[in-house]
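2 protein chains.
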Amino acid sequence: MSELRKDPIIGRWVIISTERGKRPTDFVPAPPPAPPSGGFCPFCPGNEDKTPPEILAYRNNGDAPDTEGWHIRIVPNKYPALKVEGSLDREGHGVYDKINGIGAHEVIIESPEHTDTLATIAVKLFEDLLWAYRDRITDLKKDKRLKYALIFKNHGESAGATLEHTHSQLIAMPVIPKRVAEEIEGALKYYNYKERCIFCDIVRQEIQEEHRVVREERDFIAIAPYAPKSPFEVWILPKEHDSNFEDCMKRSFEGLSRIFSDVLKRMDKVLNCPPYNYILHTAPLNASNMPHYHWHFEIMPKLVKTAGFEWGSGFYINPTSPEEAARYLREAKI
Amino acid sequence: MSELRKDPIIGRWVIISTERGKRPTDFVPAPPPAPPSGGFCPFCPGNEDKTPPEILAYRNNGDAPDTEGWHIRIVPNKYPALKVEGSLDREGHGVYDKINGIGAHEVIIESPEHTDTLATIAVKLFEDLLWAYRDRITDLKKDKRLKYALIFKNHGESAGATLEHTHSQLIAMPVIPKRVAEEIEGALKYYNYKERCIFCDIVRQEIQEEHRVVREERDFIAIAPYAPKSPFEVWILPKEHDSNFEDCMKRSFEGLSRIFSDVLKRMDKVLNCPPYNYILHTAPLNASNMPHYHWHFEIMPKLVKTAGFEWGSGFYINPTSPEEAARYLREAKI
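If you read the sequences in order, they're chains C and Y. Heads up: the first sequence begins at 3 in the numbering used here, then just goes up one per residue. Heads up: the second sequence begins at 3 in the numbering used here, then just goes up one per residue.
Keep in mind that the hints were calculated from the coordinates and are not lab data. Don't take every hint at face value.
When the alpha-carbon atoms are kept at most 30 Å apart in a straight line, the in silico DSSO-like pairs for lysine-lysine are as follows [unchecked claim]: (1) Y:LYS241 to C:LYS191; (2) C:LYS191 to Y:LYS231; (3) C:LYS143 to Y:LYS271; (4) Y:LYS52 to Y:LYS143; (5) Y:LYS241 to C:LYS231; (6) C:LYS144 to C:LYS52; (7) Y:LYS241 to C:LYS100.
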């Protein structure tokens with residue numbers, strides 16, 4: 003059973019995942035590269051029996067689960083960081099705290115086509131992907147042990163993707179990730195002082211100043227954030243206040259898929275199909291309608307070698323200003 | 003002039019370094035690899051005129067600055083993230099805050115030998131390196147504009163080293179790095195509640211439990227921390243309470259260089275000479291004798307591909323328990 007452990011100093015939780023337990027020799031040499039295109043892929047149609055049984059799939063017809071015919075398919079991760087079974091036990095030991103590794107770890111297969119990427123799939127399929135995120139969050143809310151559903155994507159080997167076939171991941175956990183908790187806390191401080199959502203203020207200021215705007219739609223805006231952690235980082239935010247991604251209006255999913263697809267196409271054009279990560283920042287599972295928080299996606303292309311000292315210091319050096327990044331992305335001919 | 007910018011939500015400061023300004027094409031393809039062994043090296047003796055004039059050097063004789071004969075040499079970074087010149091201006095703009103990029107960015111060349119590593123140099127030279135860190139911190143304290151001196155090392159290309167010749171870096175800045183600020187804040191909360199330093203409590207508990215101890219000396223302990231961000235992460239802490247690295251007793255520098263060298267040798271043995279980063283966590287420049295804070299080094303081997311979603315979520319998945327990591331390191335025959 004893996005464990006969640008809390009750093010007693012800054013309160014960051016980590017998973018100690020013994021089921022993925024690695025011995026030192028597993029690291030030497032570097033982990034094996036992703037299987038080359040054309041090799042066996044457990045996410046391709048026809049190989050449904052090579053994954054654990056599906057949790058959810060969108061199909062065009064009424065086919066049986068775990069058969070072909072799907073366009074979005076969600077399965078448990080074969081090597082989960084957290085598992086649903088068991089009770090939630092929290093215990094202390096001297097200065098340390100732990101919780102056992104209750105949670106869920108799912109893989110969202112984003113297309114049946116092995117060589118698709120999110121920048122190349124149809125906007126309609128992108129919209130279905132967003133609906134799938136929403137359906138999973140809505141379902142996981144019913145499990146009262148879980149506090150947060152972290153949805154993220156690693157695209158490209160150097161951004162951490164171990165399988166080539168386009169997919170994102172969901173980790174549901176009984177704690178709130180440090181960065182999200184900090185965000186919520188910081189936003190609450192601002193709200194308590196100003197009685198306004200800081201993200202709403204950011205959206206307003208960015209629309210007015212224009213120079214960090216990558217793209218604007220009726221309901222959404224894509225900006226290069228003022229103080230980005232990494233070059234060409236882009237955030238996509240709803241213009242209207244909303245703390246919970248899953249409460250997004252139906253018409254908004256359409257607009258969101260359009261702007262998201264557009265931004266990824268621009269990144270591909272400007273940065274020559276970079277590896278990237280994105281993360282959905284949304285309210286905790288047991289919270290709704292927070293007046294101070296505002297859901298958004300953060301997209302970070304993986305352009306610089308490492309972040310070793312950044313990790314350890316929380317201090318980032320960014321070689322590109324967001325104004326410049328936004329201009330390149332905005333002006334790209336796609 | 004580069005800028006420091008504050009993320010208005012969680013308070014993290016970043017440098018927008020326009021002097022390192024990169025255009026998108028600079029990222030395509032991947033940045034050039036480090037020059038191969040045998041190529042020209044600006045850090046090798048005889049090439050002193052290829053770096054900016056030295057700030058400090060330890061020499062065996064009274065040779066003139068910027069000539070051969072040194073064994074530790076400190077020079078300004080040729081492409082500094084921050085610069086000393088100018089006044090410290092802080093300004094707000096709507097929801098955003100900025101400070102101009104006042105600070106210092108120095109390179110500490112750790113040996114005259116191009117192919118040395120910190121695991122192979124003599125313990126005596128390692129001790130001199132630690133003295134050099136101390137001398138620089140002590141000197142930078144005089145500049146009242148500066149709040150923090152961040153000392154770190156990137157070893158190996160995939161850990162971010164761009165030059166092969168063994169070196170560490172110092173960035174002095176007018177703000178406190180987020181991670182350090184969080185640490186100090188967290189430690190203060192604990193102190194306010196318990197009237198004890200949390201790091202002292204950790205040291206006590208680790209010595210008693212033994213299984214996360216990598217190495218123990220009279221004055222220092224090396225442990226695998228309870229909730230590590232990355233596999234085989236090791237912290238080196240003084241056993242006696244001390245918040246400021248630069249106030250370390252003379253005899254302690256000897257013990258510290260011995261345990262530090264020992265730990266790096268163990269990592270080399272167990273993990274086959276991995277790339278790594280380390281960071282000195284110490285009190286801010288304008289603080290001394292903090293009863294709640296405790297300086298230490300954090301060493302993180304770079305073993306896993308990326309941390310894309312970890313960056314964005316503050317949520318880490320670690321495939322190796324610290325107990326296991328400590329055992330491998332402790333039992334290594336070096």
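Okay, the hints, checked on the actual structure:
1. Y:LYS241 to C:LYS191: Given pair LYS241 of chain Y, LYS191 of chain C is violated - Cα atoms ~37 Å apart, limit 30 Å.
2. C:LYS191 to Y:LYS231: 28 Å, holds
3. C:LYS143 to Y:LYS271: 47 Å, violated
4. Y:LYS52 to Y:LYS143: 28 Å, holds
5. Y:LYS241 to C:LYS231: 35 Å, violated
6. C:LYS144 to C:LYS52: 28 Å, holds
7. Y:LYS241 to C:LYS100: Between LYS241 of chain Y and LYS100 of chain C the Cα gap is close to 25 Å, so the pair holds against 30 Å.
Hints 1, 3 and 5 from the earlier list are contradicted by this structure; the remaining hints agree with it.
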